[in-house]
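*Asks:* Each chain, written out:
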Amino acid sequence: MTDALPVRLPLDLYSPEQLSAVIIELRAYTGLLRDTNVRARATHATAAAPHASALLLSAFHESGTDSIDQPGLEKLIKQFEAIRDKAPSVHLMMAALPNRDLKRTLTEWFRAEVNPYTLLTFATRADIGGGFILQAGSHVYNYSFREQLLSHKNRISEIYNSVRQ
Amino acid sequence: MDSLQLVLVLGLIALVVINAVSLWWAMKLNHQLHERPAPKVYEVKVDAGKVLANVDMSEIEQLTKQQLTKVAGEAGARFKESLNNAVDNLSIHISDMANNSLAGEFEKYQVSLQALRDQSIQEFSKLQKELDARRTQLTEHLDKIIQQEGEKRLGSLDERMNDVVSSYLIESLGNQVDLGAQSAYIFDMLHEHKDEIKRDILS
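If you're matching them up, the sequences are chains A and B in order. Position one of the first sequence corresponds to residue 15 (the numbering used here), numbered consecutively onward. Position one of the second sequence corresponds to residue 3 (the numbering used here), numbered consecutively onward.
So that you can see chain A by itself, here it is in the shape it has in the complex:
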């Protein structure tokens, strides 16, 4: 996939929903840019780039695409659509929603260690106490504090006995 899609995703673009939104925005952006270019050629004016969100701008930056390069944008749309359809997706549940830095760190880890196009979704479950529950495909990895406590309950009495002695 890396060879077929030689484009890098920004770390802030981590979820399938964000990617879909970026694709929609990118299509609109490309349409606006085409209209602007036509209007500029007709009026002999200088074409101004349409407004783009920070996420789209970071996508341009990471992919090395010029924001007024019409063919490059068309290609970028196709690449993003291919990523959306084929990229692996991981669902993470935590005791609270992670902040931007943690999301970026997690996304960076998955893209470095698992797949460069890994997409993440985050959800909260307050009853797990801490840690995380990872769902990849049909498999669930439960590394929550709750699970660790419940699966190692015997350690509590062992620790208690060792402390008492």
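No lab work stands behind these hints: they were computed from the structure. Only a predicted model underlies this, so the values are computations on that prediction, with no experimental measurement involved. Glycine included, each C-beta is placed from N, C-alpha and C at the ideal position. All clues stand as given, with none of them false.
Quick partial rundown of chain B residues pointing at chain A, CB under 10 Å, derived from the structure:
1. 172
2. 173
3. 200
Since the structure of chain A is provided, determine the placement of chain B on it from the hints.
*Replies:* Relative to chain A, chain B alone:
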């Protein structure tokens, strides 16, 4: 007639004469016996009152008593001596019997008694061993049951204590979540299970 016949006839005649003389002598003696006078019977009557009239009856009675006492004493002494001898003889006889006859029987009895005693001791020893073994077995079984029961109750207590502590910790953690502080743990877990996660994600 020869001389032999003559001798025989003479002998016969002499024999007849001798028989006749014998018969005559016997008849004469019988006659003399019948003619012997019969013995006379004298009837004497003594009146003790008249004969002993002049004797002191009390003295006689006293003398009689003395004689009787003396005779009785002597008889008693003799009887006592005889009885003592008889007792001694009887004791000796019994002792001899005991030594000769009963000793063997006692010896047999003692042998039988010893055998019975040995057998009883063996039986009691066997019974004692069985009782000891059974007691040991029961003691071990009881110890095992007590130990199992203790472990069971201790396990139940530990389980309940663990439930209480786990529940408390989970509730406490649920109210005080700090993902920043947990990030080290999160990435440690991810690194530790990276291969499994990667395999499941890419499959």
